[in-house]
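> Chains as they are written, first to last, in the working numbering: chain W, 1 to 317; chain H, 1001 to 1550.
Do not take every clue at face value.
Stated by the list, open to error - Not close to chain W: a few residues of chain H, all C-beta gaps over 10 Å, as computed:
hint, residue
1, Ala1094
2, Arg1095
3, Asn1111
4, Ile1123
5, Met1174
6, Gln1255
7, Arg1310
8, Gly1343
9, Glu1402
10, Ala1418
11, Gly1537
Unchecked claim - To give an idea of the interface, some chain W residues facing chain H are shown, with a C-beta separation under 7 Å as derived from the structure:
hint, residue
12, Met217
13, Gly222
14, Pro224
No lab work stands behind these hints: they were computed from the structure. Beta carbons: idealized from backbone N, C-alpha and C, even for Gly.
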Amino acid sequence: MNITHLILRRLGIGVATVFIVSLLVFVGTEILPGDIAHAILGQGATPELVANIRARLGLDDPAHIRYFRWLGNLITGDLGTSLANGGSIADDIRERAGNTFMLSGITALIAVPLSLLLGLIASTRPGGIVDRIISSTTLALISVPDFLIAVLLVMFFSVYMGWLPSISSLRGGEDIFKIVRALTLPVITLVFTVLAHMTRMTRTAVLNVLASPAIEMAFLKGVPKWRIILLHALPNAIAPIINVIALNLAYLISGIVVIETMFNYTGLGRLMVQGVITRDIPLVQACAMIFCSIYILLNMSADIISIVANPRIRHPK
Amino acid sequence: MSSDQMHNDILQVRNLCVDAVPRKGKPFAIVNDISFSVEPGKVVALIGESGSGKTTISLACMAYAKPGCVITSGSVELDGMKMLELNQSEKQLARGVNISYVAQSAAASFNSALTINRQVTEIPVIKNLMSREEAEKKAIELYRQLDLPDPENIGKRYPHQVSGGQLQRLMAAMAMICDPKLLILDEPTTALDVTTQIEVLQAFKNLIHQKNTSAIYVSHDLSVVAQIADDILVLKDGKMVEYGPVEQIVSNAKQDYTRMLIDAAHVMPDTIHPAPVNTKQETPMFEANNITAGYGINHASIVLKDVSLRVNKGETVGVIGESGSGKSTLGRVICGLMSPKIGDLILEGAAIPGALKQRSLEQLQRIQIVFQMADVALNPRHRIQKILQRPLEFYFGMSGQEAKNRVIELLELVELPASFMDRYPRELSGGQKQRVNLARALAAKPDLIICDEITSALDTIVAEAILDLLQDLQDRLGITYIFISHDISTIAKIADTVAVMRLGEVVEYGSTSEILTPPHHEYTELLLDSVPDLHPGWLEKVMAKRLESA
């Protein structure tokens, strides 16, 4: 099987997964208790008004027709209108998505290189003092839930020290200094939650490769240790490391919902939580689809990078 | 040896001791007071069974000890440099430049993520001895000297893109690129097919002679060593048994152990297996008729083409071929691990289904297989008793005391003490594990046992003992064997009939004496010619003959 074939197949699986997920999202919101028309009208729901709204929203059509209509709109970029404020969901999301991607992007830019570095340092002397410090710290970080880390950070930096704001809502138009101050605590929290896992996996993956005969050979032919780790071990450890990075970035995207809510950060995650509170089903569906698609995209990219990084596939016999 | 001579030695090892330091328990010696020297341009062979300390000694010459081992005392002097007194970075500087290493399995020892040239030229380039261009030129020159195909371009490939024999030679090129004073070859041909082995051996020998390099050659196979070494150091349990020039060791060994090694060497036996007495039996124990089979969906890649063989009760058919000949696939088809695409399997006159799932319990019980790697075939977390009891429960519903008695009986059959019942596989030696592996097959009271390379991973002396055991069991219990091997000398010792396989086909088939007496099929001849002779100079003769016929 050649490499394009493998990559195309993986892409195909990715697209199929997105469709399955769309079905799950639709069914999931469909079986939620309560009626949307009632939810919109609240106290003033008369039977006529309810029937009116149901007809306008097409709620009386059978489920499969509504699903395909929704899916068709989704593919053409029409995310529908918010039930809460009647505005375009696409506009709402566009406004917030930038903030979310900024928060997760900065986190990734810090966490990924840092965890690779820490993992590599830990793997140079397994069982050494540096390795033990890194291993025990990361283990501690894995064991603490992200919201607790957030609370502790806020308690220290905002409440006791008063250095940083505990609320990070951005309304647009802030200067760079303000943005940095607003982002610092959420970014630190998120880095802590994803760093540990990636560091530990990098260490394990590199140590696994270091135990192989190829590495012993490199050592016996006189290659310095740092060069063995960077040039001989790392390329062979890429696939497992990339997979963990992808998994953690994906976790970052979903974990961001919690952190955005905690810090009152104006991003997609909080928008989705608001959607849930106001029973704004189309908004929840749209946000869920965005989060799920990013999750699938990240995992798919990891698999494709693993395929490309494998010399046996890249250079067939 | 005069002091002047001693001064000229490339390598001097004096009173070397190495300890193994287990995580729990006391350290114990694995190399005990070893001294030897290598003169310029000479090859010294370290020979012994596994556990004799030969690899440990060769690594200690590079001032390296495997994890869990410590060099406790002694001195290693490489051309005046005291290796054991260097610090870590000085050692790394000397390695690859002054002293270099060729590992047993090139396939595992090359880094699969880097091109071959990248790895071959790495040391001279990072140590600023050559520019990348110079190093690549030198590499190509070495590839040419080692008879590698397409020397200009082979280095641009990745390790998985070349064959095992080529990789082994490429590893020698990697070791030779800085013109080291001493080259260490650690079982460099053991993992290769016999026909490839002698080509690689010849290439190594030529290179060593051309460059006038000194070398240490580590091997368990005396006949291979006889072709390349000047001196031989025989080792047992980390101690020196005998040390002297090749001729003296081979033709005039002083120690019993050395003579045992000579007897067990992979050479053609003087007397081949006697022909069976009753060759005309009504129904053979087993027949395979016109088997075609392959791997993949619907047998897409065919590995067996129209293969037939038959074996009478109480006899042995030997299946011989090199890797890729389909011999192991044939074994898998017979025991049902793989269904044939076309062809019939007949067990004592009655056809049996191809697929394992369709076979009856009785059919399953009558055909057993023993795999090459006992290490992998025995569950490391089960005690021997449990391992042997499983087939007893499965086939005969035995349990309790009855099963236990039978386990003791089985251990007796394979000449192991009953106390082994309570041990785990890791507490057994390689040969003992293979005996347990065999006992597990015997537990089913089979009529037919397929032995797939069961002696190939064992030391020569241990392998010899297993062959004797197989013969003894056949005489006593009348078991029929299908014995698969790549080694024609082993087959000659045990088989009544031989099928020579090549590229999925049986190229020659007949009684062992027919196959082994001329005229031979071309390929059988090649296989026979590739079995090393104990006498030095054999290699040159064979290679000259090959050149002639080519």
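> Confirm or reject each hint.
We went through each hint and held it up to the structure:
Here Ala1094/H does not stay apart from chain W, with its beta-carbon only about 7 Å from theirs, under the 10 Å limit. At the 10 Å boundary, the C-beta of Arg1095/H falls inside the reach of chain W, the nearest C-beta of that chain being 4 Å off. For Asn1111/H, the requirement that its beta carbon stay farther than 10 Å from each beta carbon of chain W is not met, with the minimum near 5 Å. Listed as a non-interface residue, Ile1123/H fails to keep its Cβ farther than 10 Å from every Cβ of chain W; the least gap is roughly 6 Å.
Distance check for Met1174/H against chain W: the nearest CB is about 7 Å away, which does not clear 10 Å, and the non-interface claim fails. Listed as a non-interface residue, Gln1255/H keeps its Cβ farther than 10 Å from every Cβ of chain W; the least gap is roughly 32 Å. Its beta-carbon lying about 37 Å from the closest one in chain W, Arg1310/H satisfies the requirement of being farther than 10 Å from that chain. Once the 10 Å rule is applied to beta carbons, Gly1343/H is consistent with being away from chain W; the minimum gap is 29 Å.
Every CB of chain W lies more than 10 Å from the CB of Glu1402/H, the least distance being 44 Å, so the non-interface label holds. Once the 10 Å rule is applied to beta carbons, Ala1418/H is consistent with being away from chain W; the minimum gap is 37 Å. With a minimum CB-CB distance of about 32 Å to chain W, Gly1537/H clears the 10 Å threshold, and the non-interface call stands. Contact between Met217/W and chain H, as hinted, is supported at the beta carbon level, the nearest pair being about 4 Å apart and thus within 7 Å.
The interface hint given for Gly222/W holds, since its Cβ lies 3 Å from the closest Cβ of chain H, which is under the 7 Å cut-off. Taken as an interface hint, Pro224/W checks out: its beta carbon lies about 6 Å from the nearest beta carbon of chain H, inside 7 Å.
The structure fails to meet hints 1, 2, 3, 4, 5 from the earlier list, while all remaining hints are met.
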